[in-house]
Each structure stands twice: as structure tokens, then as C-alpha cells.
Amino acid sequence: MVEQTPVQVFRSQEKMGRFTSPAFYLKIAILAAFIITPFLFPSFKSLDLVLKIMIFAVLVASFDILLGYTGILSFGHVMFFGIGAYSVALLLGKFGEPTYAFLFLGFVIAILVTTALALLISFLSLRVKAIFFAMVTLAIAEFAIILATKLSSFTGGEDGIIMSTPGIFKVSFNMGSFMGVDITGRVITYYFILVICLILFMLMARFIQSPLGRVMQAIRDNEPRAEALGYKTFVFKATSICFGCLVSTIVGGLYVMWVGYANPESVLGVPIMLDVLLMVIIGGMGTLYGALAGAAFLRLAYTFLPDLQSLAQDLLPNLHFVHTMMERWLLIFGILFILVVFFFPKGIIGTIQNYLKTRKAV
Amino acid sequence: MTDTLLKVDGIHTFIGQHHILQGVSFEAKTEGVTVLLGRNGAGKSTTLKTIMGLLPAKQGKIVYKGKPIQAKKPHQIARMGIGFVPENMGIFSELTVEENMQVAMLKDDIAAQKRLEDVLQMFTTLKDFWGAKAGILSGGQKQMLAIARAIVNETSLLLIDEPTKGLAPIIIDALIEAINQIKQHSVVLLVEQNFYMASQVGDDFYILDDGMVVHNGRMQDLVEDDELQSRYLGITK
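Going line by line, the protein sequences match chains A and B.
Numbering of the first sequence is given in this note's numbering, commencing with residue 1 and proceeding in unit increments.
Numbering of the second sequence is given in this note's numbering, commencing with residue 1 and proceeding in unit increments.
Because the hints were derived from the structure by calculation, they are not lab data.
Possibly wrong hints are sitting among the right ones.
As the list claims (entries may be wrong) - A few chain B residues that face chain A, going by a derived Cβ cut-off under 7 Å, partial list only: (1) 52; (2) 54; (3) 69; (4) 71; (5) 75; (6) 78; (7) 79; (8) 84; (9) 90; (10) 94; (11) 99; (12) 103; (13) 104; (14) 106; (15) 194; (16) 195.
Stated by the list, open to error - Every beta carbon over 12 Å from chain A, so not counted as near; a handful from chain B, in silico: (17) 80; (18) 140; (19) 209.
Note that CB positions come from ideal geometry on N, CA and C, so glycine has one too.
Hey, can you work out the whole structure from these sequences and the hints?
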């Protein structure tokens with residue numbers, strides 16, 4: 001029998017451990033939770049919360065490809081989310097009865113526009129460095145908001161575009177009942193978005209583990225060194241920007257399929273970009289799965305923190321100071337954010353991964 | 001048939017407003033180790049960075065295997081078979097040791113895998129930290145990883161910048177052994193301040209001072225010439 005080399009031994013051990021590690025089972029459990037949500041919590045509020053966690057997790061992960069894995073800070077990332085959202089909303093909302101062809105075309109147009117714009121932004125990264133690149137992309141994103149607001153005959157201005165989805169995705173569609181739950185257009189849309197998000201997430205995971213992804217991480221760590229190893233770093237940075245932006249635009253189209261409208265504030269606004277930044281910091285830069293933790297943290301906080309006041313009034317009816325505190329839920333959110341940053345300096349997943357890797361190495 | 005692999009001819013390099021290299025000229029033969037010696041700030045590291053294309057040469061020629069390379073980009077120079085181990089080692093600290101090696105491997109064929117196994121035989125410590133982040137390695141281990149990364153590809157010329165800086169004597173002995181192995185199949189251009197290291201591995205030497213070559217010859221001659229060592233390198237016995 002041929003003796004295995006040290007590299008082969010390590011790789012076979014790694015392959016064997018891949019399906020027995022706690023992380024693998026945790027991923028399966030999270031996926032199962034997403035799948036059974038419509039059956040356990042069929043209310044719209046629950047579905048809306050879980051789906052937005054999913055959508056934002058993919059959006060944040062696509063931003064993490066740029067920031068965490070390639071070291072590119074782009075404030076224009078949400079603009080691509082908006083392009084996807086507007087493209088699908090325009091096709092479904094402005095041309096009569098929505099059809100599957102319009103839905104498909106909406107995604108195709110979004111992908112084409114995004115590819116062209118992402119390439120343009122990539123060339124900018126050649127000319128300007130780091131913080132200047134971030135500022136330029138912020139200016140481009142602001143320009144997109146102004147365009148969406150001012151071109152009101154086309155984009156609906158500040159009111160945006162309201163649209164409905166075709167066929168089985170229609171809210172009024174009902175396939176009948178399964179295990180006590182009505183399989184409506186909402187539920188079908190939920191599963192459609194879940195499947196696409198899962199595919200996008202797996203693509204991103206594959207992307208960062210590929211040789212291409214490793215070179216991008218090397219560029220993030222030390223760009224001149226990566227170039228001196230023989231890599232034309234611009235090509236890798238452009239690939240990263242285009243890939244991240246394409247995922248962002250697809251997920252923007254999915255988002256608008258769920259919410260049924262697109263306006264500058266909901267799909268292009270700077271606050272969304274800030275949310276994405278917060279999510280990536282909370283989850284952990286350069287961790288990919290941190291995007292899910294960050295998105296869950298923020299969406300749960302936004303959904304449940306405003307309800308704390310009524311909860312406090314029910315539980316502690318005489319403590320008016322507590323009611324007043326709970327009314328200012330953003331203050332509580334701020335405290336929670338500080339605590340997360342304090343106890344998880346590399347984000348929730350980043351800190352845990354770091355701890356486990358260091359322990360393993362020692 | 002020429003016996004020169006690399007010819008540096010009168011290069012001038014600026015860093016900002018500072019005129020660092022003021023007409024440096026030297027040659028590296030097709031075999032052995034050529035050492036660039038000199039005091040701090042003499043321009044040794046700048047010379048290597050200029051050869052690698054990381055700093056532009058304003059004037060002069062750099063000819064490698066008969067082709068001018070002074071106008072080429074670093075990635076093009078690397079793909080011509082020149083490996084570079086910088087002074088700060090340039091480790092990708094957030095990547096694992098394995099990932100550092102994989103990034104360095106420009107090909108993934110059987111020959112490349114064989115070279116990887118050979119490199120791991122040379123630097124056995126790396127195997128113990130194969131799955132660990134490179135950032136946690138000690139200085140000596142990082143230096144070994146940096147050299148391993150540079151030689152895992154088919155390199156004809158290896159540029160190594162002060163590999164002994166900050167390392168313990170026992171690690172330096174291991175590095176001497178490694179470089180003596182490397183020189184069997186690759187030409188090495190070594191920048192070094194540690195004269196013990198330089199004398200153990202070097203075949204030829206050039207002494208740089210204020211951005212110019214002020215002396216050159218066979219390493220054996222320098223080892224035997226105390227006066228020369230004292231004058232140019234400040235070594236007193």
C-alpha cells in the first residue's frame with residue numbers, strides 16, 4: 001500500500017471531519033428551522049421576520065465577500081440591491097398584468113445593468129485607493145437615490161412602484177391546505193426565496209473556498225505580496241466586486257417579490273447600507289456565516305425591541321421609569337451593540353471561530 | 001552561452017523625494033548564492049524591491065535570462081520564475097499555513113504537488129501547523145513559511161531579504177541548512193546583515209553603501225580579509 005504524504009493525510013482527515021463537526025449539524029438545524037417556519041409560525045409577521053433575516057443574511061454575505069474577504073469597502077453595495085429591486089418592480093408593476101416572463105426579464109436586466117456598473121466601479125478601484133474608493137462609491141449610491149427620486153415618471157419618485165407577483169406567487173393564490181397550513185402564494189414565494197437564497201449562499205461559500213477566494217483573502221491581507229507571488233490583483237478584485245454585486249442585485253429582486261413595492265427609502269437608502277455594515281460587524285467580517293448571525297440580531301432587535309414598552313407596561317405597571325426607558329428602544333439597541341462589540345471584538349462568529357481555531361492549534 | 005542569470009545595470013530608484021539607489025550594478029551567476037551586504041540604509045532591500053518591480057527603476061536596466069524586466073509588473077516578474085521573500089516575510093496571517101502554500105502555488109499539477117511535499121520535508125515544522133492560521137506562528141516559523149512559499153513554484157532565482165532578522169541562533173542554523181539545500185536547484189540573491197549567515201551560504205558578494213556598489217568579490221576572500229570586513233561592514237575581531 002502506498003503511504004500517504006502529510007498533505008494527503010491532513011486533507012483526508014479534514015474531509016472526514018467535515019460531516020461530523022458540530023458546525024455541520026448547526027447549519028442543518030438552521031436550514032431545518034427555515035424550512036419548518038411556515039408550519040410552526042404561519043402568521044405573516046413571523047414569515048416576514050424570518051424571510052427578511054434570510055434575505056439580509058445573503059445581502060450581508062455578499063457585502064462580506066467584498067469587505068471581509070477582499071478588503072474592499074464599498075458604500076455602493078446597496079445600490080445594486082436597489083437595481084435588482086427596481087428592475088423586477090418596474091417589469092412587474094409598469095407593464096400591465098405581471099407574468100413569469102416579466103419576472104424573469106426583470107432579473108436578467110438587473111444582472112446586465114449590475115455587471116456593467118460593477119465593472120465600472122472595479123476600474124475605479126484601480127485609480128483610487130481605500131477610503132477614497134469608499135467615498136466615490138458613496139457618491140455613486142447617492143446619485144442613484146437622486147435618480148430614483150427625480151425620474152418619477154419611470155420610477156414612481158419617492159412613492160416608488162407597487163407591484164404584484166405572477167401566477168403561483170400571487171398573494172391571492174391558494175393551492176389548498178397541507179398539514180393544517182394554507183399553501184398560499186405567500187408560502188410558495190417564501191420557499192422560492194428560501195431555495196434561491198440557499199443556492200446563493202452555497203455559491204458564495206464555494207467561491208470563498210475556491211483557489212480564487214483564497215487569492216482574494218491574500219490580497220486583503222497583503223496586496224503587494226499577492227502581486228509579487230504572481231497574481232494580477234486587479235482581476236481578482238474586479239471578480240470579487242462583480243460577484244458580490246450580482247448576488248446583491250438578485251437578492252434585491254427577491255426582496256421586492258416579497259414586499260411588493262420598491263421606493264428609494266426601502267431599497268436604496270443609506271440607512272440600509274448602515275444596517276448592512278452593522279450586520280457584518282456584529283456577525284464578524286470575513287466569516288460569511290456571520291452574516292446570518294448579524295442579520296438575525298438586527299432584524300430581531302428591530303422587530304421586538306419596539307414591543308418592549310408594552311411588555312414592560314404589562315409586567316411592571318407601576319414602574320414608569322422603565323416604561324420611558326423602553327420607549328427609547330434605540331438606546332437599548334445601542335447598549336446591545338456595544339456589548340456585542342465589547343464581548344465579540346471580531347463579531348459573534350468571528351470571535352467564536354478564532355477561539356476554536358486557536359484552541360485547536362495549541 | 002552566458003553564465004549570468006541576472007544583470008542589474010546602473011539602476012536609479014527613488015522612494016518619494018529620496019534618491020535611494022544611485023546607479024547600482026551587479027550580476028548574479030547561473031548558480032550559487034550572491035549576497036548583497038552593507039549597513040542599514042545602504043539600499044539593499046530597495047534593490048530587491050526594484051528587481052521585483054515593487055519599486056520603479058527611474059533609470060538603468062535589469063536583465064533576467066537575457067530579457068529586460070525593469071518595465072514589467074510584479075506579477076509578470078514572478079511568473080518568469082523569480083521568487084521573493086520580503087524582509088517582513090509578507091505572511092497572509094489570516095490564512096492557514098495550508099492556504100498560504102496553496103495561494104503561492106501557481107500550478108496544481110503533479111510536479112507542483114511533489115514540490116510541495118519536498119518543501120514540507122525541508123521545513124517539517126510547517127506540517128505541525130498545517131491547519132492553523134499563519135498569524136500565530138513564531139518569527140522563525142513565519143520565515144520558513146515565507147521561504148517555503150517562494151520555492152514551492154519552479155523558481156530560477158530566489159530573492160531573500162534579511163531572513164535572519166530577529167531570529168534565534170538555532171533558527172539561523174536551520175535557515176543556513178535550508179538555503180544550502182535551495183542553492184542546489186535555484187540561484188539565490190540574498191540580502192543579509194548577519195555576516196555569519198552570509199559567509200555560510202554565500203559564493204559571491206557585493207557591498208552596497210549609500211545606494212552604490214562599493215566593493216565585490218568572492219565570499220571566501222571577504223571571510224579571510226579582516227580589514228575589508230572592518231572597513232565596509234564595521235566588523236571588528
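Hints, verified against the model:
no., hint, result
1, 52, "holds, 6 Å"
2, 54, "holds, 6 Å"
3, 69, "violated, 13 Å"
4, 71, "violated, 15 Å"
5, 75, "holds, 5 Å"
6, 78, "holds, 4 Å"
7, 79, "holds, 5 Å"
8, 84, "holds, 5 Å"
9, 90, "holds, 4 Å"
10, 94, "holds, 5 Å"
11, 99, "holds, 5 Å"
12, 103, "holds, 5 Å"
13, 104, "holds, 6 Å"
14, 106, "holds, 5 Å"
15, 194, "violated, 23 Å"
16, 195, "violated, 27 Å"
17, 80, "violated, 9 Å"
18, 140, "holds, 16 Å"
19, 209, "holds, 26 Å"
When the structure is compared with the earlier hints, violations turn up for hints 3, 4, 15, 16 and 17 and for no others.
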